[in-house]
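A.B. asks: Produce the complete structure using the sequences and hints provided.
According to full-length UniProt numbering, the sequence shown is numbered sequentially starting from 1.
Hints are all accurate, no fakes.
Simulated crosslink set (DSS-like; lysine-lysine; CA at most 25 Å straight-line): (1) Lys98 x Lys186; (2) Lys147 x Lys96; (3) Lys372 x Lys387; (4) Lys551 x Lys285; (5) Lys387 x Lys257; (6) Lys182 x Lys100.
If you anchor each label on the Cβ, the simulated ranges turn out as follows: (7) Glu175 x Glu88: 19 to 27 Å; (8) Glu482 x Ala65: 45 to 53 Å; (9) Lys66 x His546: 39 to 47 Å; (10) Leu360 x Lys66: 50 to 58 Å; (11) Phe259 x Arg59: 57 to 65 Å; (12) Leu360 x Arg122: 34 to 42 Å; (13) Ser455 x Pro228: 36 to 44 Å.
Since the hints were made in silico from the structure, they are not lab data.
Backbone N, C-alpha and C define an ideal beta-carbon position, used for all residues, glycine too.
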Amino acid sequence: MASLPQDPEPEHRPDRSGKRLRSEKSGREGRKPRASKRERERDAGRGQYFRERTDRRQRNDEEQAKQRARAEAGLNINPMLPGPFSAEEIAAEERKPKRKVAVLVGYSGTGYRGMQISHSERTIEGDLFTAFVEAGAVSKANATDPKKVALVRCARTDKGVHAAGNVISLNMIIEDPNIVEKINEKLNPQIRVWGFERTISSFSCYTLCDSRWYEYLLPTHALLPPRPSSFLGRTLVQIAKEENDLEGYQARQADLKGFWEDFESTTIRPMLDGMDEELRPMVEKVFFDEDIIFDLDEIQKGHLNRASGEKSDVQTESPCDAANAPEECPENLEVEDAENTDQNHEDAKETRNQLKEKALETLDEKQRLKYKSYVHQVRDAYREAHKAFRLSDVRRQRLQEALRMYEGMKRFHNYTVFKSFTDPSVKRHIKSFVASEPFEKHGSEWISLKVHGQSFMMHQIRKMVGMAVLAVRCGSPLSLLEDSFTDVRLSIPKAPGLGLLLERPVFETYNNKHAKAYDKGAIDFSAYEKPIEEFKQQYIYEHIWHTEEEKGEFRSFFKHVDCWTDREFLFLSSKGVDAVKGLYDKKGKSTQKQTTKATLDSDDEGDAGDG
1 MASLPQDPEP EHRPDRSGKR LRSEKSGREG RKPRASKRER ERDAGRGQYF RERTDRRQRN
61 DEEQAKQRAR AEAGLNINPM LPGPFSAEEI AAEERKPKRK VAVLVGYSGT GYRGMQISHS
121 ERTIEGDLFT AFVEAGAVSK ANATDPKKVA LVRCARTDKG VHAAGNVISL NMIIEDPNIV
181 EKINEKLNPQ IRVWGFERTI SSFSCYTLCD SRWYEYLLPT HALLPPRPSS FLGRTLVQIA
241 KEENDLEGYQ ARQADLKGFW EDFESTTIRP MLDGMDEELR PMVEKVFFDE DIIFDLDEIQ
301 KGHLNRASGE KSDVQTESPC DAANAPEECP ENLEVEDAEN TDQNHEDAKE TRNQLKEKAL
361 ETLDEKQRLK YKSYVHQVRD AYREAHKAFR LSDVRRQRLQ EALRMYEGMK RFHNYTVFKS
421 FTDPSVKRHI KSFVASEPFE KHGSEWISLK VHGQSFMMHQ IRKMVGMAVL AVRCGSPLSL
481 LEDSFTDVRL SIPKAPGLGL LLERPVFETY NNKHAKAYDK GAIDFSAYEK PIEEFKQQYI
541 YEHIWHTEEE KGEFRSFFKH VDCWTDREFL FLSSKGVDAV KGLYDKKGKS TQKQTTKATL
601 DSDDEGDAGD G
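C.D. replies: Following this line, the structure appears as structure tokens:
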């Protein structure tokens, strides 16, 4: 009897395309090795991630074991929460029934490390939970762990981000008719509980939220073009000439043609002419250093020695230079994805301070005081120019066109962190993004940007605002925003968190379906409009306006961008995304050994959440 044909040896077995599969004996041949578990979890969408992590009981047992160990050692499970209470205190407390509720809250995020409870930082949720325990809305037996009452938040907000309306759901004791007043008495005045609604027992404000409204307050001087003497201002013109787009660039900036040149010739130059001849060159060097050489070919290869124009392998000076900024560079530049970047930044700060001190050593005490006075005069003049700026209809309309390009279903991998183009979770639906008419507050002009979206990833809104504003102020073709949704990798700086505000979440499906079917109240903020508006004016809007007036966070942010002398932001030029091709690999990592990626005006917020 004839023998049956045998399968080929494993190392020679072909796949459907005729290629040999990878085997133990053929390490260099066949398919690419399977990604590690950590890589798969990083690229997974939310649904896929939780489907693969199915052993919930084991995770809970491990977490509870850790908590028991801390309790037995006499340590608080979470130092940011009340308790632990003694067994006698817990036994003495009257047991009362809990009900699932949706609690409507508002807060100013100033001084807090975001919304979600942290073991080491003060957060909004931590203060709320403590107030619930102290007011009797959560029993002492459940005081050490919010999971015991199924506490969930609707939207996690970043450090310093505000919310006029947010929702948390939990099992709460609600027998006391004055429970809301008692909770508010225990809270900081910048956190308020507006009210609560009984819900169905399976309610989760996170999963049943249909969409969210956010507001971003922006001073209109943020739309002023970069100063012509700054690196970005010069580079935009130079690349426009190289790309034969100079007329197009000038047309996009026509409404503010000569703005800075006229201001400096009529205001700054007379001020400089009246200074001591010995000190005038030093002041001019701070604001108009003409010795800095900008060679785009060298910039595309690596860092420059800014004093001589020679290429340098290591960055030895701060990416922000006083020569390019009308005010001293703040020390809040955050760098990511680089080797030894913390040390590089410290070395840069030290070098800049050494150069400054060396220049001042030649002056006596009287001259130093006069020099500082001159610098403050010029800086104050630039600040007044920013305050006096008023937005034209043309520029406001161009901003609205940029914001409208976000609407619809897009891939926002460039507008968050640790996400690739192929990650399905980067697809987000923006329902609307609208710019209001400008309004005046405390002598400055502001504009309100309101975005309505189904859900948002970490830093997404701040990066969306940053990209739209930068495109308008730099005279970039608005097709740049469409390019940002493709598989190109861009380093988009996120706008300051100061102006961001969660307006309210929307529960339309729950209100129309579940609430009506089970005779529950609708989750709606309309009943609290008056106290919410008063709270916004007193604790949120006034804080934003005064902080910008005193600290100039928006001015500092855009000055950082204008004087950043690496390639990261050259996609804002007439060359578009082609200017940064090759700067990152497919995983989004920098291909330059010592290149730092500027993500401006933010502390590390970890997994802070939306916005």
